[in-house]
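Chemist: Chains as they are written, first to last, in the numbering used here: chain S, 612 to 886; chain L, 347 to 617.
In case anyone wonders, no lab produced these hints; they're calculated from the structure.
Ideal placement from N, C-alpha and C gives every residue a C-beta, glycine not left out.
It cannot be assumed that every hint is accurate.
Stated by the list, open to error - Okay, derived cross-link-like pairs now, DSSO-like style, lysine-lysine, Cα gap no bigger than 30 Å in a straight line:
#1 Lys-730/S x Lys-802/S
#2 Lys-615/L x Lys-753/S
#3 Lys-682/S x Lys-865/S
#4 Lys-454/L x Lys-682/S
#5 Lys-865/S x Lys-810/S
#6 Lys-632/S x Lys-730/S
To be verified - Partial pick of chain S residues on the chain L-facing surface, computed with a CB cut under 10 Å:
#7 Phe-637
#8 Pro-649
#9 Leu-652
#10 Ala-678
#11 Gly-679
#12 Pro-698
#13 Arg-702
#14 Gly-709
#15 Ala-710
#16 Thr-713
#17 Gly-729
#18 Arg-771
#19 Ala-774
#20 Phe-847
#21 Phe-861
What the hints assert, rightly or not - These stretches of chain L come out as covered by chain S in the derived footprint (C-beta under 8 Å, 3 or more residues):
#22 517 to 524
#23 530 to 541
Okay, here's what each chain looks like letter by letter:
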Amino acid sequence: MQGDIPAASGAAPAVKARFDKVTKRFGTGDNAVQALEPISLDIAENAFVCLVGPSGCGKSTLLNILAGFEKPTTGQALMDGTPVRGPDPRRGVVFQQGALFTWMSVRDNVAFGPLATGKPSAEAARIADRYLEMVGLTAFAKRYPYELSGGMQQRVGIARALANDPEILLMDEPFAALDAQTRELLQEEIKRIWQSTRKTVLWITHSIEEALFLATDIVVMSARPGRIKARLAPQFALSEDPAVVASVEFVRMKAEIFGLLREESLAAQRQEAGR
Amino acid sequence: MSSLATPRDGGRTSRSLVINLGSFAALLLLWVLVTTPFGERPLVAPLFLPSPGSVWDTFLMLLKNGYQGKTLGYHLGISLFRFGIAFLMSVVVAVPLGLWMGMNETVKAVLDPPIEISRPMPKLALLPLLIIWFGIGEVAKVVIIVLALFPILSISAMQAVRGVGRRKVQAALALGASRAMIFRRVIFPASLPGIFTSVRVCIGLGVTMLVGAEMIATSAGIAYMAMSASDFLLTNVVIVGALIMAALGYLLDLCARALENRIVHWGGKEG
Numbered sequence: 612m613q614g615d616i617p618a619a620s621g622a623a624p625a626v627k628a629r630f631d632k633v634t635k636r637f638g639t640g641d642n643a644v645q646a647l648e649p650i651s652l653d654i655a656e657n658a659f660v661c662l663v664g665p666s667g668c669g670k671s672t673l674l675n676i677l678a679g680f681e682k683p684t685t686g687q688a689l690m691d692g693t694p695v696r697g698p699d700p701r702r703g704v705v706f707q708q709g710a711l712f713t714w715m716s717v718r719d720n721v722a723f724g725p726l727a728t729g730k731p732s733a734e735a736a737r738i739a740d741r742y743l744e745m746v747g748l749t750a751f752a753k754r755y756p757y758e759l760s761g762g763m764q765q766r767v768g769i770a771r772a773l774a775n776d777p778e779i780l781l782m783d784e785p786f787a788a789l790d791a792q793t794r795e796l797l798q799e800e801i802k803r804i805w806q807s808t809r810k811t812v813l814w815i816t817h818s819i820e821e822a823l824f825l826a827t828d829i830v831v832m833s834a835r836p837g838r839i840k841a842r843l844a845p846q847f848a849l850s851e852d853p854a855v856v857a858s859v860e861f862v863r864m865k866a867e868i869f870g871l872l873r874e875e876s877l878a879a880q881r882q883e884a885g886r
Numbered sequence: 347m348s349s350l351a352t353p354r355d356g357g358r359t360s361r362s363l364v365i366n367l368g369s370f371a372a373l374l375l376l377w378v379l380v381t382t383p384f385g386e387r388p389l390v391a392p393l394f395l396p397s398p399g400s401v402w403d404t405f406l407m408l409l410k411n412g413y414q415g416k417t418l419g420y421h422l423g424i425s426l427f428r429f430g431i432a433f434l435m436s437v438v439v440a441v442p443l444g445l446w447m448g449m450n451e452t453v454k455a456v457l458d459p460p461i462e463i464s465r466p467m468p469k470l471a472l473l474p475l476l477i478i479w480f481g482i483g484e485v486a487k488v489v490i491i492v493l494a495l496f497p498i499l500s501i502s503a504m505q506a507v508r509g510v511g512r513r514k515v516q517a518a519l520a521l522g523a524s525r526a527m528i529f530r531r532v533i534f535p536a537s538l539p540g541i542f543t544s545v546r547v548c549i550g551l552g553v554t555m556l557v558g559a560e561m562i563a564t565s566a567g568i569a570y571m572a573m574s575a576s577d578f579l580l581t582n583v584v585i586v587g588a589l590i591m592a593a594l595g596y597l598l599d600l601c602a603r604a605l606e607n608r609i610v611h612w613g614g615k616e617g
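Put together the whole structure using the sequences plus the hints.
Modeler: This is the structure we're talking about:
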């Protein structure tokens, strides 16, 4: 965004990340599975993009490709116009569970990224404390992950990813393993963090409500092989009122996405049965 | 893994502790009963099983006078020395090698055949050959223990590396960690619980190998003491020797477990 010419109001926002005709095929020969049909998708700077789709539709594969964990079969993922070659601290990743460093204290977990990117240890600890405060875990800095609840563990994962000040956050169903109450509280917290930092986010979820509540863009994917079936632009991400979930527009969009997803889930089920 | 480490989980309640002690006391009582002469003579002749009291007396006597001109402390010391040197050498060499095998396919391909082929072989069978090679000194005894522990430690270290969660490594990569940092701060600590498990297995096995090695061509050591006493039907000394070996194994395991609880307190827990 820091170009020579200031972006005029109304101009298209800058593209932070892009999937350029990305496909993915697992295995070879007769056992090969086409996970992704050619997918092209732009993720605008400061956008909060939610990917929803039936199980096995390739959402996680798409995220892994942008993270640099997997290579696309054809096409490429780009960030700021540069092809993704591997993992990079400019892209923070948060997993569903099982990714915290169990042998490190909560503070050391969060300080890992700053240390890895060359910050001196005192500064890394300061950065860690700042992000622990942001997610409300200051009092637990010296505890170990196994001493925390599932929701708190996810907050550590989020603070750890944020501590590198990444340009984009890639979040793979970060709340899927949590109970409903914890989930809702964390969704509000994520919304608050996003509203204050305006990081670009790519977020995968199964929950339509979560997507509507958080996203500026929702991308609905089809059953395998994954294609983009629909794109929606809900307006609730900027709202600070948790009660938006009860608004007429929210409920209407929820029904719309539900309808889209239901077709695809049934298709996915037929695929499973036909195998 | 966590079910083994009961103290850490607070699983050992005072109730089960009482039962533990009761069971131990019952065994001791049984020993007393079969060795006490209620009529003419005890149920089991002292030649086969002396009473606990006389075994205790023998222990005190051995403490005071030693056995065959060497103090009990000397016999114990030489046993500990053999075990300690062999155990340390095995851990220091086999664990890093196993970690390397876990990290590097080529190293694994090179080292897998000799380790896998030698693993199921009963190592004590090699002792006569080792005595030809190294004589009846300390070397053969240390080597036989190392041979027994080496494959277990290296294979389990390798497995521990391969079992490190892929997501943890991916998370470290995405946070910008170098390969060296990922090994030092992610893969190595994540492997430690698995390595500790095999270290504890190796303590038991190492003591067993020590006993085997000391029974052939030696003139000192606790197992030697028991073996040679058996030639003279000194059952008391044999039992003292066996109990010392049992206590040694138990204490070493206790130390390893304490160390484990301190260093890998997160073992078996997910976060």
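Chemist: Given the hint that Lys-615/L pairs with Lys-753/S, does the C-alpha gap stay at or below 30 Å?
Modeler: 17 Å, holds
Chemist: Restraint: Ala-774/S near chain L, CB-CB cut 10 Å. Satisfied or not?
Modeler: 8 Å, holds
Chemist: Are the Cα atoms of Lys-730/S and Lys-802/S separated by 30 Å or less?
Modeler: The given pair, whose Cα atoms are some 28 Å apart, holds under the 30 Å limit.
Chemist: Would the stated hint for Gly-729/S survive a check requiring a Cβ distance to chain L of less than 10 Å?
Modeler: 8 Å, holds
Chemist: Was the hint right that Leu-652/S lines chain L, CB cutoff 10 Å?
Modeler: Since the shortest Cβ distance to chain L is 20 Å, the answer is violated.
Chemist: Using 10 Å as the Cβ threshold, decide whether Gly-709/S counts as touching chain L.
Modeler: At 5 Å from the nearest chain L Cβ, Gly-709/S passes the 10 Å test, so the hint holds.
Chemist: Answer holds if the nearest beta-carbon of chain L is closer than 10 Å to that of Phe-847/S; otherwise answer violated.
Modeler: 29 Å, violated
Chemist: Taken at face value, is the distance from the CA of Lys-730/S to the CA of Lys-632/S at most 30 Å?
Modeler: The hint is violated at about 37 Å.
Chemist: Given Thr-713/S as an interface hint, is the shortest Cβ-Cβ distance to chain L below 10 Å?
Modeler: Status holds, d = 4 Å.
Chemist: Is the straight-line distance between the alpha-carbon of Lys-865/S and that of Lys-810/S 30 Å or less?
Modeler: OK: Lys-865/S and Lys-810/S at ~25 Å, within 30 Å.
Chemist: The hint names Ala-710/S as touching chain L; please verify it with the least Cβ-Cβ distance against 10 Å.
Modeler: 4 Å, holds
Chemist: When the nearest CB of chain L is found for Phe-861/S, is that gap smaller than 10 Å?
Modeler: 33 Å, violated
Of the numbered hints listed earlier, those contradicted by the structure are 3, 6, 7, 8, 9, 20 and 21.
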